[in-house]
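**Student:** Line by line, the protein sequences give chains P and S. When the letters of the first sequence are read in order and numbered with UniProt numbering, they come out as residues 1 to 324. When the letters of the second sequence are read in order and numbered with UniProt numbering, they come out as residues 1 to 252.
Hint data in this document are derived by calculation from the structure and do not stem from the laboratory. You may find that some hints are simply not true.
[As the list claims (entries may be wrong)] Some, not all, of what chain S presents toward chain P, calculated at C-beta under 8 Å: (1) Ala8; (2) Val12; (3) Gly16; (4) Gly47; (5) Arg49; (6) Pro81; (7) Ile83; (8) Arg244; (9) Gly247.
[Said to hold, decoys possible] Only part of the chain P face toward chain S is listed, based on derived beta-carbon distances under 7 Å: (10) Ser55; (11) Leu58; (12) Val73; (13) Thr74; (14) Arg77; (15) Gly92; (16) Arg96; (17) Thr108; (18) Leu109; (19) Gly111.
The beta-carbon is built from N, C-alpha and C at its ideal position, and this holds for glycine as well.
Each chain, letter by letter, is given below.
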Amino acid sequence: MVSALEVRAVGRSFRTRSGTVEALREVTFSAEGGEVLGLLGLNGAGKTTLIKVISTLLLPTSGSVRVDGVDVVTGTRQVRSRLSVVFGGEQGLYGRLSGRDNARFFGTLSGLDHRLLDRRAAEVIAMVALDKVADRPVETYSRGMKQRLHLAIGLMAAPKLLMLDEPSIGLDPIEADRLRRVIGELAAGSAGYRPCILLTSHYLRDIEDLADRVAILQGGKITHDLPLKELLRRAGSAAVVTVSVRGDEPVRPDGDAERSGVRLVDAQPAGAGMWTARYEVARWEPATLTELARRWPHGEIADVRVEPVGLEQVFRDLSEGAGR
Amino acid sequence: MIVRGLLASARVQLKGESRMSGVTAGIVQPAVFMTVTMLAAGQAAAGARTAIGCGLLGLWGAIVWKFGLVLLQERQRGILPGIVSRPTGLVVVLVGKSLGAVLRSTALTVLTVGVVAALAGRPVHIAEPVTFTITALATLVSAVTLGLLLCSVFLLARSAVRIAEALTYPVFILGGLLVPTTVLPDWAQRLSTLVSLRWAAELLFDAAAGRGQQPGDWLLLLATSACYAVVAAVGLRVVLRRIRAEGTLELV
Ligand SMILES: Nc1ncnc2c1ncn2[C@@H]1O[C@H](COP(=O)(O)OP(=O)(O)O)[C@@H](O)[C@H]1O
Ligand SMILES: [Mg+2]
């Protein structure tokens, strides 16, 4: 069976006034139908360039890409009818037209038969929960609604490969959550089949609920390609939590710190009967709060601040892990 | 797929355009041209000749502006990646959208020209309506090939509108739309042989006057248009390939 996506030793360089930029170097990986692959990398790592090469917007300088067995250079048109790409941001829609008209137009460009057009547009719009606003001009949509519309449009022709480049960029946490839920449903087969989904981000948070596998792109190179579980295990903590407590000295971390996923980093008196303590947590979830409260049986938690661990830290953890 | 792509693109363009967008090019400009020409030439101006000249001015202006503007707008809206990454392709969309806009604008022009002529007490008389209509359609097709040729230039250059401005008037003159080509200097007359609109104008004048068309004019109209079409096809292919190779067009 052919892979939905096969990227072989792809390189891409750009000539600029100040010299040649190598945006991608020897990038190799593949992904199958029904799989969600997260592509994680800092800004400038080459994620968008890679997505453009796969979606036939840019030619690779070296190497080859096959989508469902078809080469992007020699079979450009066939590749274009097998994949969809959604770029993050508000651009790329006709503001004066309704969401439905946008979906119909891009569906036509994807080669969808006009008899299927209306039905398919209604289906994908329902899938992303935009039914109520489908006939309103897109310029009245919120950012999150526009992004979900992009996703719906990307699904019009039921692509074998769906690529989402930083889909939650610029969305507030609630909208981002909502988008993630829709992507999750898609991955589970809500569109009637299970496409291969390639999802890029520079936040671990964006893909940790969705991806089966994660490839890490650093400076145009894939440095890791591993199952999500493995990544989360090796990446250490997901967030640093700072709590302010009124009252006693903290209960020292006990034996089940490993199991509870909450590890005390340090605790200091902050004056006026207050304590400030920092914890590393493996995952930030409601149970974490309970666990924190359990550590302060005689204190009252006055404030909690959660800072997600940056990708830099994840990369550091990963490379330390590799060295160990 | 191509026909459906063209129709869908034209529909999207017409739905998305503001209602005022055809007014300047389609109504004000031809009305002014008509009035000025008739005032300047007085009774000597043949009604049909003036009207056809103004109609063609409107068509050519619309081609340059719409093909340039549509491309510019799609780029500004960030829609090009969504179009280029789909199998129907950029050319079909550009032609469909531009053509939709051009047709609306031209319909307005024809209407305006007719009304102004009638108000001036010199209604346009077309002696051979069937021949005239066929010639008009051929003119439209020819104008589109020229529009496509411009498209490849517009895709290469950021300042599409500047180019459009620079091109509008020379073609008016070379096409014999403002003044007969016979008053042009020698080199300009030779250059005007390459302008398909010149031959279209001659054919339309003849059909309106009912004096029989010159087969030579038809030959030159078809030959020049075919040349435009071939150069446009090759040009677009090369330009689109280059864009994909160099990443020069800011698609995202
Ligand atoms: N068209 C281009 N011309 C020159 N350099 C580019 C171009 N596109 C991307 N780059 C460079 O390639 C590198 C990767 O960029 P990009 O793929 O956009 O990264 P990401 O999407 O991961 O943030 C960056 O250094 C960027 O400056
Ligand atoms: Mg990017």
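**Student:** Run every hint past the structure and note whether it holds.
**Tutor:** Hint check results:
Interface restraint check: alanine 8 of chain S against chain P, minimum CB-CB distance 4 Å, threshold 8 Å, status holds. Interface hint at valine 12 of chain S: satisfied, since its Cβ lies 5 Å from the closest Cβ of chain P, which is below the 8 Å cut-off. A least Cβ separation of about 5 Å between glycine 16 of chain S and chain P falls short of the 8 Å threshold, and the interface hint therefore holds. Of the supplied interface hints, the one on glycine 47 of chain S is violated, with its beta-carbon coming no nearer than about 40 Å to a beta-carbon of chain P, more than 8 Å.
The restraint placing arginine 49 of chain S at the interface with chain P is violated, with a minimum CB-CB distance near 40 Å, outside the 8 Å limit. A cut of 8 Å between beta carbons decides the hint on proline 81 of chain S: the least distance to chain P is about 6 Å, and the hint holds. Given hint, isoleucine 83 of chain S at the interface with chain P, holds; its Cβ is 6 Å from that chain's nearest Cβ, closer than 8 Å. At a threshold of 8 Å, the smallest CB-CB gap from arginine 244 of chain S to chain P is about 5 Å, leaving the interface hint in force.
Because the beta carbon of glycine 247 of chain S sits about 5 Å from the nearest beta carbon in chain P, less than 8 Å, this interface hint is met. Interface restraint check: serine 55 of chain P against chain S, minimum CB-CB distance 5 Å, threshold 7 Å, status holds. Checking leucine 58 of chain P against chain S: minimum C-beta separation of about 5 Å stays under 7 Å; hint holds. Proximity of valine 73 of chain P to chain S is violated relative to the hint, the smallest CB-CB distance being about 9 Å (cut-off 7 Å).
Interface restraint check for threonine 74 of chain P: the shortest CB-CB distance to chain S comes to about 13 Å, outside 7 Å, so the restraint is violated. Annotation: arginine 77 of chain P was flagged as interfacial toward chain S, and the flag holds, the nearest CB pair being 5 Å apart, inside 7 Å. Checking glycine 92 of chain P against chain S by beta carbon gives a least distance of about 5 Å; that is within 7 Å, so the hint holds. For arginine 96 of chain P, the shortest C-beta to C-beta distance to chain S is roughly 5 Å, which falls under 7 Å, so the interface hint holds.
Among the interface hints, the one on threonine 108 of chain P holds; its C-beta lies about 4 Å from the nearest C-beta in chain S, closer than the 7 Å criterion. Interface restraint check: leucine 109 of chain P against chain S, minimum CB-CB distance 4 Å, threshold 7 Å, status holds. Interface restraint check for glycine 111 of chain P: the shortest CB-CB distance to chain S comes to about 5 Å, inside 7 Å, so the restraint holds.
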